[in-house]
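Number of protein chains: 2
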Amino acid sequence: MFADFEEHELKKISDCFKPKSVKKNNILLHEGSVCKEFYFIYTGCVRTFFIDKNGHEKTRYVMLDNHIGTALTSFITQKPSIECLETLDDTELLAISHSNFFRLNEEMVSWKIFYQRILEMAYSFQNKKIEHLTTLTAKQRYDNVLKENPVLIQRLSNRVLASYLDIREETLSRLKSK
Amino acid sequence: MFADFEEHELKKISDCFKPKSVKKNNILLHEGSVCKEFYFIYTGCVRTFFIDKNGHEKTRYVMLDNHIGTALTSFITQKPSIECLETLDDTELLAISHSNFFRLNEEMVSWKIFYQRILEMAYSFQNKKIEHLTTLTAKQRYDNVLKENPVLIQRLSNRVLASYLDIREETLSRLKSK
DNA sequence: AAATGATTTTGACCTAAATCAAAGTGTGTC
DNA sequence: GACACACTTTGATTTAGGTCAAAATCATTT
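Line by line, the protein sequences give chains A and B. Take the first sequence: its position 69, counting from 1, is numbered 1082 in this note's numbering, and each next residue is one higher. Take the second sequence: its position 89, counting from 1, is numbered 1102 in this note's numbering, and each next residue is one higher.
Hints were generated in silico from the structure; no laboratory data involved. Where hints are given, some of them may not hold.
Copies of the same chain look alike in the list, so a pair counts if it fits in one copy or across any two.
In silico lysine-lysine, DSBU-like type, Cα no more than 30 Å apart, as pairs [to be verified]:
no., residue 1, residue 2
1, K1160, K1125
2, K1049, K1152
3, K1071, K1025
4, K1141, K1025
5, K1191, K1125
6, K1037, K1066
7, K1033, K1189
8, K1071, K1152
9, K1071, K1049
10, K1092, K1036
11, K1025, K1066
Note that the structure is predicted; figures quoted are calculated from it, not measured.
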């Protein structure tokens, strides 16, 4: 997927991943808890979001089928998370614990490379997001997702999509009727 | 600094870094060029920024004395950069080429760890920036920098500081007189 | 199918910050 | 020391998107 693993490495890796089945609208990580797991989403949908001072949700990242991720800052630092993790659909996923993740990172060069790729992609994604937030209008951000990632518009509720685009639901509703 | 290097590793690493002396207001990387170098700033000041559709500058990151960095997305992908690199003061720096950087990354486990740390920190920094952009007012962002990183307010011109805070110069001027 | 609750839409109004423009204030150079 | 040019401040005006409130639509349970 991201790195070339040897046969014996794959064995070791897959031993670390535990399958889980989680119903829709369940919190995988609460605000204030330390993120202890990294996820591979087999089917379903999980998002990371946080709640601002006005009580509004801000969605940072959405994982659909075959995506990977977690509340990365807390997972890295092992400090309490600002972000929550929540399923948006019934979800089948694989979870690897923090300790196993970083044990693999110490023992396996190919895992280090895998982790580097994850970090590089996560960085680029965030960078692009900042670029869009600071230079595009609400409509342009919507059009961009429509063009680059239309599956999000199909799969997410307007409420969640709006929080992903960093606009209010009312604004999204008006946007769509243009 | 970020990782523990052995004596013989340090030798190898320092051989890769070339010192450069760059006068104030020089462009180290133009928009559209591929970023070929990673920098350690010995003394001085370098920023990364890009120019939006309205011709306004947006400053992503500022490197002061003893900071490291580059136009990271282009450096990673080796695709043309959206960002520019520019000195804001007379600057003494050390530069390592892309090829040497990633040769060290292949040859040296401790360099892999070093690079991981850089990526983790860059990610966290961008994540925090998004959080602030989407939840804080212009005034709150200014106050945050004043509290967390006051040296920026001392060293940067209002024009550059405003573009770092993602506000217009006029707004910053009004903010400061409150 | 009625009832409850969550989404989504529509409308009227408000506000933070941008825009445009002009006047000050520095600061480097010949 | 005066000229040119960059930077900063101040003022008047505009605007994208937020806020608040109410109506309309949809989904779920009994």
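Hints that the structure is at odds with (numbers, increasing) | 1, 2, 3, 4, 5, 7, 11
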